[in-house]
Structure formats: C-alpha cells, structure tokens
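Heads up: the sequence lines are chains A and B, in that order. First residue of the first sequence? That's 1 in this note's numbering, and the numbers climb one at a time after it. First residue of the second sequence? That's 83 in this note's numbering, and the numbers climb one at a time after it.
A hint or two may mislead.
Unchecked claim - Think about it this way: if two alpha-carbon atoms lie no more than 20 Å apart in a straight line, the pair counts; the simulated SDA-like pairs of lysine to any residue are:
id: 1; chain 1: A; residue 1: Lys32; chain 2: A; residue 2: Val46
id: 2; chain 1: A; residue 1: Lys32; chain 2: B; residue 2: Arg117
id: 3; chain 1: A; residue 1: Lys32; chain 2: B; residue 2: Ala231
id: 4; chain 1: A; residue 1: Lys32; chain 2: A; residue 2: Pro76
id: 5; chain 1: A; residue 1: Lys32; chain 2: A; residue 2: Val45
id: 6; chain 1: A; residue 1: Lys32; chain 2: A; residue 2: His3
id: 7; chain 1: A; residue 1: Lys32; chain 2: A; residue 2: Ala42
id: 8; chain 1: A; residue 1: Lys32; chain 2: A; residue 2: Glu74
id: 9; chain 1: A; residue 1: Lys32; chain 2: A; residue 2: Trp63
id: 10; chain 1: A; residue 1: Lys32; chain 2: B; residue 2: Ala102
id: 11; chain 1: A; residue 1: Lys32; chain 2: B; residue 2: Asn115
id: 12; chain 1: A; residue 1: Lys32; chain 2: A; residue 2: Ala56
Source of the hints: derived by calculation from the structure; they are not laboratory data. All values derive from a computational prediction rather than experimental measurement.
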Amino acid sequence: MGHLWAAFSPATGETVLLNDESASILEVLEEKGVADTAEISASLVVDSGLDVDALAAIVESAWPRLAEAGLVREQPIRHAIA
Amino acid sequence: MARCDIDRSPAEFYRTKEYAVNEDMTNETVNSNARRRLVRGAFAAPAALTLYSGSVAAASVSCIAKQLTNPITTNGDTTLVRVPLYRLANGANTATFVRQADIASLMPPGGSYLATGQAQCVGITGTGAGFSVGTIYTSPALPNGTMPAITSPIQYVAVRVSATGKIEGVISVPSAGANTALHTSCWTSFGGLVPFNTA
Numbered sequence: 001m002g003h004l005w006a007a008f009s010p011a012t013g014e015t016v017l018l019n020d021e022s023a024s025i026l027e028v029l030e031e032k033g034v035a036d037t038a039e040i041s042a043s044l045v046v047d048s049g050l051d052v053d054a055l056a057a058i059v060e061s062a063w064p065r066l067a068e069a070g071l072v073r074e075q076p077i078r079h080a081i082a
Numbered sequence: 083m084a085r086c087d088i089d090r091s092p093a094e095f096y097r098t099k100e101y102a103v104n105e106d107m108t109n110e111t112v113n114s115n116a117r118r119r120l121v122r123g124a125f126a127a128p129a130a131l132t133l134y135s136g137s138v139a140a141a142s143v144s145c146i147a148k149q150l151t152n153p154i155t156t157n158g159d160t161t162l163v164r165v166p167l168y169r170l171a172n173g174a175n176t177a178t179f180v181r182q183a184d185i186a187s188l189m190p191p192g193g194s195y196l197a198t199g200q201a202q203c204v205g206i207t208g209t210g211a212g213f214s215v216g217t218i219y220t221s222p223a224l225p226n227g228t229m230p231a232i233t234s235p236i237q238y239v240a241v242r243v244s245a246t247g248k249i250e251g252v253i254s255v256p257s258a259g260a261n262t263a264l265h266t267s268c269w270t271s272f273g274g275l276v277p278f279n280t281a
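Construct all of the structure, not just a fragment, from the sequences and the given hints.
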C-alpha cells in the first residue's frame, strides 16, 4: 500500500498501517514461528545495517504496540537444556 | 566446599519474552519482503497505526447519526488515524501532546503539519504547565528538562488525513463549516480531550 503496509487483525477487528520496520519484524516472526527480541534483531542486522544492540532496543519497544494491534502475541518462555 | 548452582536452563537467561505472529492474522499481509525495503542505517521506530472507518463510525454512533440533520463537511477527509498521547505533568497542571514521530511513517511527499521533532499540545488541565492547546512545540519539556511521557493507561487521539493522504491535524470540531468532522458534544462522547480546531 504505497510506502506502507496494511494488516487486518480479526483478533481486534481493526486494520492497521505498518511501516517497513514493523512489517519486517512480522516477516521475520512469521518465518521463525516464535522468536524473542534477540533473534529478531539478529535476523535484521544485515538488512538494516545497524548493530544488534541498537536493533534490540528498537524491536523491544515495538512489542506492546504490535501486541495491542493484535498482530503478535506473547508466548510462554521455552525451556531448553543446553 | 560444595558449589551449588540454580538449576535453570540457559534459555531463561536471555529469553525474557517470546512472541509469535497472531495466528488469526492473514499471511498475505506479511508474505512480501519488507526487509528489502529497509533503508540501511536508518531503522526507524516500528509503527502500527490503527485506521478507523468513518462510515462505520457514522453508522454506529448515535451522535454522528444525529448530525445528519446538520452535516459538517470535512473537505474530502476520509480517514482518521489513531495515535498515542504523551503527557507532561507539573503537579496538577498537565499538557498532552501528539508527536510527529508517531505520524512520520504516514507522511507522503506532501508532508505533515508537524515537522521532525515537533509535538502539538492537544489538551491541558489547570494552567497546562505552560503549554497551550493547539500550539506546536519543538521538543517540549518542563523547565527541569522532563520530556513528555506516553500516557498510562495509554490514551489516543485521532489525526485527520486528507483525501490525498496528507495529515492535516488532530480531529475535533467546535463549530460547523470549519473543516471539522465532529461537533464538540460528539468529540466529548468519544472520550476526546478539549476540542480545538487546527484547520
């Protein structure tokens, strides 16, 4: 949709406009199924040209709004034995 | 001397939270490659701005329906976009703002009414902590340097988008025929702040 992305969430019944940054986070999330901030940030390092720490701060701040918009949902923490 | 460790999986140390795409969301919205469109070195704040249908609101809100007897024109405005409000408080005197940063991602080449770094005051209590409704400020702050913080619980206001996609101002309308969409009474019924006209 021009320079924006449109997404409809049946969970909220609302349509939201996303910029490329939000859409790219969802894109990575869709590929991985479930991921945390570190994993998302690592996947976007090459495309964004930013370091992973700077990205992590930005991605972390995006979760509340994306969840509120019904586009993502928080998952229980996975437990793994190394 | 024995050493004891808490039995905790390594994952717990870095997986503070995990997220998944909401399963109700259609794949079509994200299956194109947004990452290719990212500008290297300029990863902006992710934005998700809710769109509201003016026709749905008109059909479901009684105060809108009543206005059919005295319609207010909006000069082709077709879309309202919800953005969060930010607040500065100095005791009982507060001011709330709409930030350019929250609408920047919607700006077409035609631009917006707010420039980079600016915020517009859209509501006050008391003396407004020195700010006035409708005025646009660059990096508003209290004398002690306190910057506006997002409202908690979060509050929203609707910005008005013209038919060409240009953001014209914050929705509200004190009088008919002033390039506004709602009467003050309707704006109040939506839980809106003190109405003003930016047109």
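These are the hints, each one checked on the structure:
1. Taking the CA atoms of Lys32 of chain A and Val46 of chain A, the gap is near 17 Å; set against the 20 Å cutoff, the hint holds.
2. The straight-line distance between the Cα atoms of Lys32 of chain A and Arg117 of chain B is roughly 15 Å, inside the 20 Å bound, and the hint therefore holds.
3. With a CA separation close to 33 Å, the supplied pair Lys32 of chain A and Ala231 of chain B exceeds the 20 Å bound.
4. For a cut-off of 20 Å, the pair hint linking Lys32 of chain A to Pro76 of chain A stands: about 16 Å separates their Cα positions.
5. A hinted pair counts as satisfied when its Cα atoms are at most 20 Å apart, and Lys32 of chain A with Val45 of chain A qualifies at roughly 16 Å.
6. The suggested pairing of Lys32 of chain A with His3 of chain A is violated, with an alpha-carbon distance near 25 Å, which exceeds 20 Å.
7. Restraint check: the Cα-Cα separation between Lys32 of chain A and Ala42 of chain A comes to about 12 Å, which is no more than 20 Å; the hinted pair holds.
8. Our distance criterion of 20 Å between C-alpha atoms is met by Lys32 of chain A and Glu74 of chain A, whose separation comes to about 14 Å.
9. A distance of roughly 16 Å separates the Cα atoms of Lys32 of chain A and Trp63 of chain A; the hinted pair therefore holds under the 20 Å criterion.
10. Pair hint Lys32 of chain A plus Ala102 of chain B holds up; C-alpha atoms about 8 Å apart against a cutoff of 20 Å.
11. The straight-line distance between the Cα atoms of Lys32 of chain A and Asn115 of chain B is roughly 15 Å, inside the 20 Å bound, and the hint therefore holds.
12. Pair hint Lys32 of chain A plus Ala56 of chain A holds up; C-alpha atoms about 17 Å apart against a cutoff of 20 Å.
In the structure shown, a violation is registered for the earlier hints numbered 3 and 6, in ascending order.
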